[in-house]
Amino acid sequence: MSGLSVKVGGITMKNPVTTASGTFGFGPEYAPYIDLNRLGAIIVKGITLEPRPGNPTPRLVETPAGILNSIGLQNPGVEKFIEESLPYLSGFDLPVIVNIAGETVEDYAGLAAMLERAAGVAGLEVNISCPNVKKGGMQFGSDPVMAAEVTRAVKANTAKTVIVKLSPNVTSIVDVAEKVAEAGADALSMINTLLGMAIDVKTRRPILGNVMGGLSGPAVRPVAVRAVWQVYREVKLPIIGMGGIMTPDDALEFILAGATAVAVGTANFVNPRATVDIIDGIENYLAASGVQSIHELVGAAHNNSI
Amino acid sequence: MSLVVNAEVVEQNEVMQGHFRLALNAPEVAAAARPGQFLHVSCGNTYDPLLRRPISIHTVDRQKGEVKLLYRVAGRGTALLSRLKGGDLVDVLGPLGNGFTLPAGSENVFAVAGGIGVAPLYFFLQELSGLKHKATVLLGAAAKEQLICVDEIKALGHTVLLATDNGSTGHRGTVVELFDLYARLPVHSCGDYNPDEEMSGYVYGCGPAAMLKELCAAVRENGFSGEVSLEERMGCGIGACLSCACKVKDGKGGFRHQRVCLDGPVFPVEEVVWA
Ligand SMILES: Cc1cc2nc3c(=O)[nH]c(=O)nc-3n(C[C@H](O)[C@H](O)[C@H](O)COP(=O)(O)OP(=O)(O)OC[C@H]3O[C@@H](n4cnc5c(N)ncnc54)[C@H](O)[C@@H]3O)c2cc1C
Ligand SMILES: Cc1cc2nc3c(=O)[nH]c(=O)nc-3n(C[C@H](O)[C@H](O)[C@H](O)COP(=O)(O)O)c2cc1C
Ligand code: FES
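Chains A and B are the protein sequences, given in the same order. Every letter in the first sequence is one number past the one before it in UniProt numbering, and letter 247, counting from 1, is 247. Every letter in the second sequence is one number past the one before it in UniProt numbering, and letter 273, counting from 1, is 273.
Read the hints as simulated data drawn from the structure, not as lab findings. A hint or two may mislead.
Capping the alpha-carbon separation at 25 Å, the derived lysine to any residue pairs in SDA-like fashion look like this [to be verified]: (1) B:K249 to A:V291; (2) A:K80 to B:T46; (3) A:K80 to A:G110; (4) A:K202 to A:A65.
Distance ranges between label pairs, derived from CB positions [said to hold, decoys possible]: (5) B:A275 to A:K202: 17 to 23 Å; (6) A:G184 to B:G44: 44 to 50 Å; (7) B:N25 to A:P87: 47 to 53 Å; (8) B:G44 to A:R204: 38 to 44 Å; (9) B:R76 to A:A288: 33 to 39 Å.
If the Cβ cut is set under 7 Å, some of the chain A residues that face chain B in the computed set are [claimed, not checked]: (10) T23; (11) E29; (12) P32; (13) P51; (14) P53; (15) E62; (16) A65; (17) Y88; (18) S90; (19) G91; (20) G209; (21) M212; (22) P218.
Ideal Cβ positions, reconstructed from N, Cα and C, are used throughout, including at glycine.
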């Protein structure tokens, strides 16, 4: 095992870098630019039981050092995903983590059951934190009791690693993390996007077709690092950290705050090779600082804080 | 085959106020590019502005390994781009998108451009004249001084018709009105004159959304067919994020979303569903 290898629940990743759901499609989109086999894992676009058409346009607006998106979980539905996308991904030496979203607890249970039977799925990332859907989504993520209920429903229907993705749009992310951990989650990922909006002063109208959207990119990084820091102190589960990671140093910041792995999202739009550039950079950092294993760095900043 | 390359600026000229032609040294991109495709262009090295900007490929010189862009300064990203000088490096991703189809037979071909929409059509018209196929090109702008590429397109051997909002040259009114007037003429541009035969043809359109919507209606009313290049705000530019959705007919009376960046930017006139 190389010094970069990490474990998230039952998933062994050859390095700590994965992709943030919704920013990396189902994989083939980035294959012309990077070797997918280099990734520690891939987290694919959010999947629902039935196909979803997504929200009206504009779905994206650039904001200072960030973007707001309101894609609305457009996806082909779980059956098509299993038929069309999983076989492609199975051709790689790459743990596949499927991001799932639902409007009811039963939806999540159903998705978990269907994916449990599908070959080539290493784990589920349970999206209880999407700000872009009217029902479900963030409502589950902002209520610790509901979040725990969704977690239990998913765990009851799968033996695969269950990662619960937390929303920053809450009063206490630690409360949600604790309840989700009690309900049996194997790992946590954080953060999903921050609810935001933008208005065009010329037309005097909200810019996004869906009015509100989720903020991501470098602008949110300090919020995300703080979330990882707080949860790492209270909950003993591996964390996949994300939110504005653009460079190897950004990724290391999350690891030092307590993340075992990191996901690269918006950065892929700026640099389609961002994931591999970050993997190379982390490797160089370890070599240059004489650190044998990335594990020595996980949460290391906590030891240095007063 | 699409690539990410750090291309050197060969030169950049202001062709008209606020409009720039940027020549980049990018041999692999030039070799792979087809008319109607675009580049996703990084406009700076800081996080603000963060995203790349989609700009059509205006023309290529495969011998010299050059790709040219023609763009209008529309905001912060394009303003930053306009400051690039020879020798500077620009990070570009491409060529991206499907591009225009080239006509298979000898049908009448029309190219209709509103404003900067002429940028990708020029590349198309170059390839077309390489195939010895002549088109009728309709260009529209607010005023005479704002028409671009008129002489270059004439030099390719195509017929050029102009429309300006203020009537300073050509038809006074929009380029779509001009197309509609022209399409209703009872003559056939080639072959024997037959007063009963209606003119038909294939239309390539590019320009602002409002213009393209009208153009699609005019194309269909006149029994023509064709294809248009759409614009939508983009994140990744390569089909991964689903930001750039547009609506196309699903064949069942409804619509489905497609990605302007990967499934387009060029879509058949008959398929686009306008809001
Ligand atoms: C496939 C395609 C090809 C294009 N080709 C050309 C071309 O050849 N020449 C040219 O002058 N322009 C072209 N455009 C439009 C060009 O992308 C925009 O003018 C440019 O993105 C504006 O960026 P900005 O930072 O200057 O403006 P801002 O308004 O500050 O941009 C803010 C954000 O909105 C996006 N945006 C603004 N206007 C548009 C638009 N019309 N289309 C898509 N995104 C937009 C920007 O990319 C950016 O993310 C093309 C657009 C598309 C989709
Ligand atoms: C365009 C876009 C689509 C997204 N879609 C999803 C999704 O389907 N499911 C999900 O859990 N998160 C989704 N996210 C959130 C990201 O996975 C990630 O949590 C967030 O963007 C923060 O990371 P970043 O700043 O590196 O992008 C999406 C983000 C973006 C920008
Ligand atoms: S811009 Fe990302 S899918 Fe088109």
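Structure-based check of each hint:
1. A threshold of 25 Å between alpha carbons decides the hint, and for B:K249 with A:V291 the separation of about 56 Å lies outside it, so the pair is violated.
2. Our distance criterion of 25 Å between C-alpha atoms is broken by A:K80 and B:T46, whose separation comes to about 39 Å.
3. For the hint linking A:K80 to A:G110, the alpha-carbon distance of about 15 Å falls within 25 Å, and the restraint holds.
4. Simply put, A:K202 and A:A65 have alpha-carbon atoms about 22 Å apart, close enough for the 25 Å limit, and the pair holds.
5. In this structure, B:A275 and A:K202 meet the distance hint of 17 to 23 Å, their C-beta atoms being roughly 19 Å apart.
6. Separated by about 46 Å at the C-beta atoms, A:G184 and B:G44 satisfy the suggested range of 44 to 50 Å.
7. Take B:N25 and A:P87: their Cβ atoms lie about 40 Å apart, and the range 47 to 53 Å is violated.
8. Roughly 29 Å separates the CB atoms of B:G44 and A:R204, a value that falls outside the hinted 38 to 44 Å.
9. Taking the beta carbon of each, B:R76 and A:A288 are about 36 Å apart, inside 33 to 39 Å as hinted.
10. Of the supplied interface hints, the one on A:T23 holds, with its beta-carbon coming within about 6 Å of a beta-carbon of chain B, less than 7 Å.
11. Because the smallest distance between the Cβ of A:E29 and any Cβ of chain B comes to about 4 Å, under 7 Å, the interface hint for this residue holds.
12. Contact between A:P32 and chain B, as hinted, is supported at the beta carbon level, the nearest pair being about 5 Å apart and thus within 7 Å.
13. The beta carbon of A:P51 comes no nearer than 9 Å to any beta carbon in chain B, farther than 7 Å, and the hint placing it at the interface is violated.
14. Against a cut-off of 7 Å between C-beta atoms, the interface hint on A:P53 holds, since the closest Cβ of chain B lies about 6 Å away.
15. Interface hint at A:E62: satisfied, since its Cβ lies 5 Å from the closest Cβ of chain B, which is below the 7 Å cut-off.
16. Among the interface hints, the one on A:A65 holds; its C-beta lies about 4 Å from the nearest C-beta in chain B, closer than the 7 Å criterion.
17. The closest approach between the C-beta of A:Y88 and any C-beta of chain B is roughly 14 Å, which is over the 7 Å cut-off, so the hint fails.
18. The interface hint given for A:S90 is violated, since its Cβ lies 19 Å from the closest Cβ of chain B, which is over the 7 Å cut-off.
19. Interface restraint check: A:G91 against chain B, minimum CB-CB distance 18 Å, threshold 7 Å, status violated.
20. Interface hint status for A:G209: violated, as the beta-carbon distance to the closest one in chain B is roughly 9 Å, over 7 Å.
21. For A:M212, the suggested interface contact is broken, since its CB lies about 16 Å from the closest CB of chain B, more than 7 Å.
22. About 5 Å separates the beta-carbon of A:P218 from the nearest beta-carbon of chain B, less than 7 Å, and the hint is met.
Checked against the numbered hints listed earlier, the structure breaks hints 1, 2, 7, 8, 13, 17, 18, 19, 20, 21; every other hint is satisfied.
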